[in-house]
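Colleague: Residue numbers (my numbering), protein chains in the order written: chain H, 1 to 324; chain V, 325 to 648.
Since the hints were made in silico from the structure, they are not lab data.
Wrong hints could be hidden among the right ones.
Residues from chain H that keep clear of chain V, each with C-beta distances beyond 12 Å, as calculated [to be verified]: (1) T27; (2) G53; (3) D86; (4) V279; (5) R290; (6) L291.
Reference listing, derived: stretches of chain V covered by chain H, where coverage requires no fewer than 3 residues with Cβ under 8 Å from a Cβ of chain H [unchecked claim]: (7) 498 to 505; (8) 530 to 542.
No experiment lies behind these values; they were computed from the predicted model shown.
For each residue, glycine too, the CB sits at the ideal point set by N, CA and C.
Here is how the chains run, residue by residue.
Number of protein chains: 2
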Amino acid sequence: MTTPDFCLTDTACRHMVRAVPTARPDTPVADVIATLRGQAFDCADTVFVTDAGGRLEGIVRINDLFARHADRIVEIMEPEHEAVTDQADQEEIAQLAISLNMIAVPVVDDVGRLIGAVPPEALFRILRAEHMEDLQRLAGIGPHAAGPEAALDAPLRDRYARRLPWLVLGLLASTLVTLVMVRFEEALQANVAVAFFVPALVYIAGAIGAQAVSVSVRGLSTQDVSIAALMRGEVVIGLGIGLTLGVLSAAGVFAMFRDGMLALAVGIAVLAGGAVSAVVGFALPWAFKRLGSDPAMGSGPVCTVIQDAASLSIYFAVVTALML
Amino acid sequence: MTTPDFCLTDTACRHMVRAVPTARPDTPVADVIATLRGQAFDCADTVFVTDAGGRLEGIVRINDLFARHADRIVEIMEPEHEAVTDQADQEEIAQLAISLNMIAVPVVDDVGRLIGAVPPEALFRILRAEHMEDLQRLAGIGPHAAGPEAALDAPLRDRYARRLPWLVLGLLASTLVTLVMVRFEEALQANVAVAFFVPALVYIAGAIGAQAVSVSVRGLSTQDVSIAALMRGEVVIGLGIGLTLGVLSAAGVFAMFRDGMLALAVGIAVLAGGAVSAVVGFALPWAFKRLGSDPAMGSGPVCTVIQDAASLSIYFAVVTALML
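Turn these sequences into a full structure, and let the hints guide you.
Modeller: Okay, here's the thing in C-alpha cells:
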C-alpha cells in the first residue's frame, strides 16, 4: 500500500484506498454484479451507493449483494451510512466500524462526496495500533514516529529516549512526596514504626489508582457509556474497596505490632487514601481528554504522585492526631 | 449472531460462521462468480478453496476473484492458507489475520477439513476485546463473564468484586515491603532523613517496572520479535535509565539536604533499583506466559512488590554501608 505524502499520521487519509465499487440507487443488482468482474478493486467487500453528484447515499455489504433477491440497489442498500472525512482520527474510524458493524468505512470529502474507503485490513491495523499505543502510553512510553509496531525493535538509544522523559518528570514530581515526608519528620522521629507502612501505603494507593485509570480510559474510548455514571460508581467502589482494605490492614498491623493507634492510623489512611486514589485515577484521564490531551497521559507521573502525596498526607495527619 | 452452547469462550468456535463460499481448484472462475448469486453467505469476502474431501487448499480474496483474468480458481488462489481449529484462542486468530493479511480466517477440523471462517466483523470484536482485556489485566481487574465491554456498566457489586482480589493479594504481598522496612529499623532510628526517600524510590521503581512490563506484554503478543533480544535490550536500557535517574536524584538530594552520603545512597538505590525493576518487569510476564498463565498477570502485585522490596533492600544496604 502506498501512502500519499501529504497525509497526517493516524488519519483516514493514511489508511484509505480509492478503488472501491460504486453504484447508483436505481442500478439493477444484476448489472452491479456483472460490472464487478474484470475490475481491480482495492476493497470489493462493500459496494458504495452514490447519487449523480457522487454523494454517498448508502452501502451494500457484498454478502447482501449476492444474497437478497432484489431488482435494484436501493432495495438492498443500508441507508444508515455514516462516513468519515480524510482527516478523521483513526480511533474514530475503528469505533464507527464496530458500532455500525461496517467492515469498510466510507471516506467522503467536505460536501459528502465519496473519495474512498478504509478497508478491513487497515481497520485491523488501526485496532492493533490503538491497543499497542494504549499499553505504551499507560506505561509512560513516548510514541515512535514509525508506529507502535516499529518501536519494539527500534535501536536502544531510541527506546531509551522515548522512555526517559516521563521518568524524569516523575522524578521531579516525586519531590512532592519527599516534601510530605520531610513535613512529618516530627512524627517519624517520635515513632519510627510510623515509617514502616509508608511503602505499603504508596503501593496500595497506586494499585487502586491504576484500576480507576483503566476504567476511565476504557470509558472514554467507549462513547456510549456515561462518564458521570462511571464517576459516581467509582466513588462508591473506591470507598468500598478502601473500607475493605482498611479493615484488613488495620487488623494485620495490630496482629504484627500490637499497637492499636498505629493500626487505626494505617486503616484510616488505606480507606481514605484508597478512595482519593480511585477518584483521582478516574478523574485525571477524563480531565486530560477535556483539555484536548491524551487521556492515557492522565495515568502518568502526575496522577501517581497526587495519589501518593494524598495517601501519605492523610496517614501523617491521622498519625499526628492519634499518636502525638 | 447465535453462538452454539458448547463453544469455549474466546475460541474460534464462538466467533466463526459456517455459510462461506467454497470452490475447487479446477472450478472456472466465471462459474464461481455465477454461483455466488442467490446464496445467503455469512461472509462472502473470501472464497475458500477445498479438495474433494473438503480439505482446505487455498483462499481467494473477493478482490482477486473479480480482478484477475484467469480461467480457473487454482490460478488466482493464495496457496498459503494457514487456518485455525475451532478450539483456537481468539488472540491467535487475530494475529494470524494480521500477519498473513487475511480478512477472514478459515477454521478447519482436526484433519484439515474446512468447517467455517472467522469473519472480519468478529476479528474487529476480537481485537477490541483483547485491547480492553489487556487494559484491565494490567490494572489487576478480573475478567467479566460477559466480556470486557459488558464490564463497564456492570452492577457496582460486581465491579467491586472483580477489583478486590488482586488488591487483597497486593495487601498481603505488601507485608514483604513492610518487613524490609522493619529489618532496617536501626538505620531509620539512626537518621530519620533516610525515610524521606522511601516513597520516591518505590515510585520510581514502579514507573520503570511498568514500562518494562508494557514492552514485555507487547513483545509476547508480537510473535516475530525475539524475546532474548528484547531482554538484552531491557538490561541495557534499565541500566541506562537507572544511571541517568540515579545521577539526577543524587544531585537533587544533595542540593536539598547537603548530605553527600545520603545523596550517594539514594543515587545508587535508584540506579540499581531501576535496573532490577526493568529486568523483573520484563521477565515476569514472560515467565507467567511460559507457565501457561496470562502474561499480563505478571504485572500485578507480585511484580510490583518484588520491585519495591528489591529497591528498598538495595537502598538500606547502601545506607548501612555508607552511613552507619
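Colleague: For every hint, state whether the structure bears it out.
Modeller: Each hint tested on the structure:
{"no.": "1", "hint": "T27", "verdict": "holds, 15 Å"}
{"no.": "2", "hint": "G53", "verdict": "holds, 26 Å"}
{"no.": "3", "hint": "D86", "verdict": "holds, 21 Å"}
{"no.": "4", "hint": "V279", "verdict": "holds, 14 Å"}
{"no.": "5", "hint": "R290", "verdict": "holds, 19 Å"}
{"no.": "6", "hint": "L291", "verdict": "holds, 21 Å"}
{"no.": "7", "hint": "498 to 505", "verdict": "holds (count 6)"}
{"no.": "8", "hint": "530 to 542", "verdict": "holds (count 10)"}
Consistency with the previously given hints is maintained throughout, with no hint failing.
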